[in-house]
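Here the structure of chain A is known, so what remains is to put chain B in place on it, guided by the hints.
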Amino acid sequence: MQLWRVLATTIFCLTPLSILAGPGDGPDSLFSRSVAPLLAGKCLECHDASCQKGGLDLSTAAGLRKGGDEGPVVIPGEPNASRLYQAVSHQLKPAMPFKRMKLEEVEIEMIARWIKEGAPYDFPLKTPERQSASKSETRLTDADWQFWSFQPLRRPDVPVLREDDWSRNGIDRLLFAKMRKLGLKPSAAASREKLARRIYYDVTGLPPSPAEIADFVADTRLDAYERLVDRLLASSRYGERWARHWLDLARYADSAGYERDWERANAYHYRDFVIKALNQDLPYDQFVRWQLAGDEYDSKDPFLLAATGFCASGPREILKPTEQIRYNELDDILATTGSAMLGLTVGCARCHDHKYDPIPQRDYYRLLACFATGTPGEQWVSAPDERTAYESADLEFQRARLALKRWINDQLGLHGVNSEPALKKKVSREESAQWDALVKRKDQALNASLKYVRKMLVFQDAQARPVETFFLERGDPALKRERVEPGFLSVFDRGAPRSAGQCANSGTRTTGLRRSVAEWMVDTEAGAGSLAARVMVNRLWQHHFGEGLVKTPSDFGFQGDRPEVPELIELLASELVRQGWRLKPLHRLILLSAAYQQSAEKSDKHGIDPENRVWSRRRPQRLEAEAIRDAILSVSGSLNDAMFGPGVRPALPAAVINTGSTPKWPLDIKEGPETWRRSVYIFVKRSVLVPMLDIFDGSNATGSCAERTRTVLPGQALELMNGDFAHLQSERFAAKLCREFASNEGRVRAGFKYALGRIPSATEIKASLNLIEQLNGGAESPDAPCQVSDGWAAFCQVLFNANEFIYID
Amino acid sequence: MPLPDRCPGPWGFSGHPIGRRSFLKTAGAGCGLLGLAALLQNEGLADASGDESKSRPDLAKAPHFPAKAKSVIWLFMSGGPSAVDLFDPKPELQKNHGKRLEGKGEIDVFFGKPGPLMRSPFKFKQYGKSGAWVSELLPHLSRHVDDIAFVKSMQCETNNHSPALLQMNSGMIRIGFPSVGSWVTYGLGSANRNLPGFIVMYDHRGGPIGGSQNWGSGFLPSTFQGMPFRTSGPPILNLAAASASNPRKQRIQAELLRALNAEHIVQHPDERELEGRIQSYEMAYRMQMEVPQTIDLEGESAQTKELYGMDNNRTKYFGTQLLMARRLVERGVRFIQIYSGGGHDEVSNWDAHVNLKENHEHLCRETDQPVAGLLTDLKQRGLLDSTLVIWGGEFGRMPISQASLGRDHNPHGFLVWLAGAGVKPGVSYGETDEVGYKAATNMVTVNDLHATILHLLGIDHKRLTFAHNGRKFRLTDVAGNVVQPILA
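Chain order of the listed sequences is A and B. Quick note on this note's numbering: the first sequence kicks off at 3 and runs consecutively. Quick note on this note's numbering: the second sequence kicks off at 27 and runs consecutively.
This is chain A alone, in the form it adopts within the complex (with noise of 0.2 Å):
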């Protein structure tokens, strides 16, 4: 007793803020007593001196006193205050003890006590004996592999209540059993007006015309709105509108990044893949498989191959590689390919154990050495007679090259200098002469060459076998420890890790792991299927509602959101494997529901359920910067809606181009109908960010990218009022009402129309009308002949600067 005193005493003395953790009343106080034994049964195993999970050691005063990475986590005499208490009774998160039940009610309480006593703490405490032989590996346990994202699928069953006149199908008989729960009901359905405008630019990311919508208000058909979504699935917009989104997850470029840039001129092959993928209806299982090994699976067929692209698509520094780029490299691709198909973040193993999901650091270098023996590349897809010529092409070009650097080698030396800059100021002019000839003779071969060149950027393997892989520790290359062998993720094989085997028939030149991991992935008995098929449902769910039901759509993991209609995801996922994991079936049931139908104007439900955790309401969204782009050049009649092929650069303004070293896109470009294609088929340059889409939160391509941000900055309205493009479009917009339509009163109706899908009201008539005859000098009459006049094109901004303009009810 008495040491104790001391020690504590000790300690107390070299406390600044000494009421905490001072000393209490002796053996018989409520820390001695209550509070020790649960911190040492409870919370000792992470939070001790040797552990000290989020850099917490709670077995000492001094430890408590100083809290975690994250600060104090206790305010003497206020529990409500103090991160320890708020984290044991689940106000925080993570909630404590970590995936452990929740303490007894009392035992928080206690808690509560303790803190408000000033969080006496009378002695140190010890750790009890680890069940792990290993400290430094975490061992997964029943908590890990009973968490709701790792379990098999279950198809829920459907409750059927009465007095359920609303619901449409299973999807709206769960959520109206919740509301319903909630004291809450759906809203009401939205206008046929509305739901077109919303239906169009939600599965093809354009705008329906005035035509379509009228059509569809018109068509008195009982089944006119499923005909209206069969129709719009089966559009080809559909695969350009929804390969946008996964393009986000894959984080897919035209260039690689870094200093150079260097352009990937064959990139744009997996772009195209997923559009088709999508608009084909390609099951999704197939879909994940090809973009890990679809050369393993076919190494002839292109649209395999260009499958790969997602394994090739990562920012890459080729400058000057070394061991450590490299494993930077296949961690990109680690992070992405869990982020996008487990939606698990895997690359936060690389260096430790996951510090919350069970992901122990081991996992991560196991399933790298299935990517390890594979890079990038290009890959021939062009006939074998344009190959020949490409050859002979190429071989001059080499020859060209080659010729001219010896000149240049030769004309250093003989002048006595050391670089081109300087040798430039020596040369004569009949040197120079020669110089030039030989840059041309060298250009014009290179053109020559580029002319066959039918080529894909796709992942492959160097070789049959297996690149070594060690396990590095605190993830440094310099620090390599055991070869690991290739595998998995060992929670979905319950802590009992399994091999990838190699597969067979994967091809002579390549290993096979990656095929592995593709048939482990989508795998619903043995593998990681059910979680994928959870991930993807929810991911289309997200983008029809504008939120997942998971609100962290690339995080199931113990951080992640957990649902709060689990059986929702349940329901869905079953049916996507059910439906053969064709996509298609599953934006019809979403679509067809009741509560995707409801409307989003005003609703008294925001108290009940502020979140809208139970959808019984719509909320309006922003579209994103592409379909933003997009639904301008649509409405002003400027769209271009070729497919496919490589990535097509906009004009830019020069301010943009000099932000680098040296410029990476041309100067000189004319913006017109080559430009005016969808904003899926711009080209993706890592350094040079198309400031319409950026400022509008478009994806940055570094990393895989679940959810945009929306923000809502005065640079956007800059954008839109001062640049370059809003006002082009908005002229053409202009002409285009000032050609259609032969009143001033039938120019405004129609503006509105194509632009927001509705009629104007009498005052928004007579303000427009108002404005134009503000800006064109007086009273037009009512019929003048039609004249792009300022004033037009100005009331034509206007409506694309309308918050209506962007937010889809």
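Calculated directly from the structure, the hints in this document are not laboratory data. Using N, Cα and C, we set each Cβ at its ideal position, and we do this for glycine too. Mixed in with the good hints there might be a few duds.
[As the list claims (entries may be wrong)] BS3-like cross-link-like pairs, simulated, lysine-lysine; straight-line CA separation at most 30 Å:
1) K95/A <-> K498/B
2) K666/A <-> K444/A
3) K68/A <-> K498/B
4) K383/B <-> K427/A
5) K95/A <-> K488/B
6) K450/B <-> K322/A
7) K498/B <-> K482/A
8) K151/B <-> K322/A
9) K139/B <-> K427/A
[Said to hold, decoys possible] What the simulated footprint calls covered on chain A by chain B, stretch by stretch (three residues with Cβ under 8 Å from a Cβ of chain B suffice, anywhere in the stretch; the number is not a length):
10) 418-430
11) 707-714
Same frame as chain A, but now just chain B:
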């Protein structure tokens, strides 16, 4: 300007810095930018909780502890300046000119083969009370050494420009992470609501290697990315395009826009983001007013312009940028980064592979007077006490020669200096070895430098976090120690 009559902006047009609380008070009175959709599940600093900080993350926030620095001006010498030729003379290097560098392990050069040790072609003298050494290339700056803290033992992880620039700017050698300026504006918000909080000015010969990747906001919302600011023509993209030349037209357009939006909002009373968007237009109009005033140097005296070297063609461009930086600081802009050196050849930036002497003479002539002028000007206006000035490159240069007269990249030991708010004046911290190859005492990593910068701004680098992909990220990742000895 349109719109304010519906909802008078709480700031008028002068853009006075405003505390969040007083802003809330005003905004709470019935119309505000508040409570838009919760787009961020994060908060910058402790003070920034609640709806409004999520929807408008650029609002001013209180620091973790009282800050010494309100603003930062970072003079980025792109390409990598040489310490042994500017501030850190090495007698051993002079003595051993022409000899092989030995006993330092394998010499990691970026291009070619390692050459012999090369003495500095420049003369050095000691200056000020602190007796700091400065080379003959920097006569103007030499008068300021007693305001400066030199850190001579910097290290970074790569000798390749692009990843090194990324590391100096974001702490990581990979792309996709927020830059220091983004973290700072995320943490502290903007003190002037009519100007961006993070402004970048780059060399007239072009931007740095990697361009906008260097001031990207990574996984932070795009509002925190650096805004390039030009010294001629419209400083901000789209700021003064066609319609700005016609304020009447803009006003008339805004009237119709307001009418349309008002009707739309009535139908969506719970969607406060819509209100926020209306306010963003108001702010855009105000920016159009404020920015031209900011860049209008007419009111600056001839004396001030001379101080910055604006009367000399060689120093004019950089001088103008630095004077602009001072004006931005006066207006509460949080983070300003100015690059000296752009383009991609031997003479346009500090990357002196071929002829160090010519290269550094040329770039020092361009920058010396403006940098000294900036320090003088900040000091005489009392701004140096609240402004942190940082000077340095993405790495330094080797003591050995390359191509006989140049120096290669050196990430193992290089120099940065800091001055102003909270920095201990007239000190030197850390040393490289006897020839200036590797940091030998008191090594300072890029994480340490970043932790120190945040500290001076009142931010605890361990507590400024952003949750992304399942974990909380920091500017300093899992490392970083504040360099206490250089703090006042």
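Quick rundown of the hints versus the structure:
{"no.": "1", "hint": "K95/A <-> K498/B", "in the structure": "holds (12 Å)"}
{"no.": "2", "hint": "K666/A <-> K444/A", "in the structure": "holds (21 Å)"}
{"no.": "3", "hint": "K68/A <-> K498/B", "in the structure": "holds (20 Å)"}
{"no.": "4", "hint": "K383/B <-> K427/A", "in the structure": "holds (19 Å)"}
{"no.": "5", "hint": "K95/A <-> K488/B", "in the structure": "holds (18 Å)"}
{"no.": "6", "hint": "K450/B <-> K322/A", "in the structure": "violated (39 Å)"}
{"no.": "7", "hint": "K498/B <-> K482/A", "in the structure": "holds (27 Å)"}
{"no.": "8", "hint": "K151/B <-> K322/A", "in the structure": "violated (39 Å)"}
{"no.": "9", "hint": "K139/B <-> K427/A", "in the structure": "holds (26 Å)"}
{"no.": "10", "hint": "418-430", "in the structure": "holds (count 4)"}
{"no.": "11", "hint": "707-714", "in the structure": "holds (count 4)"}
Violated hints, in rising order: 6, 8; the structure is consistent with all others.
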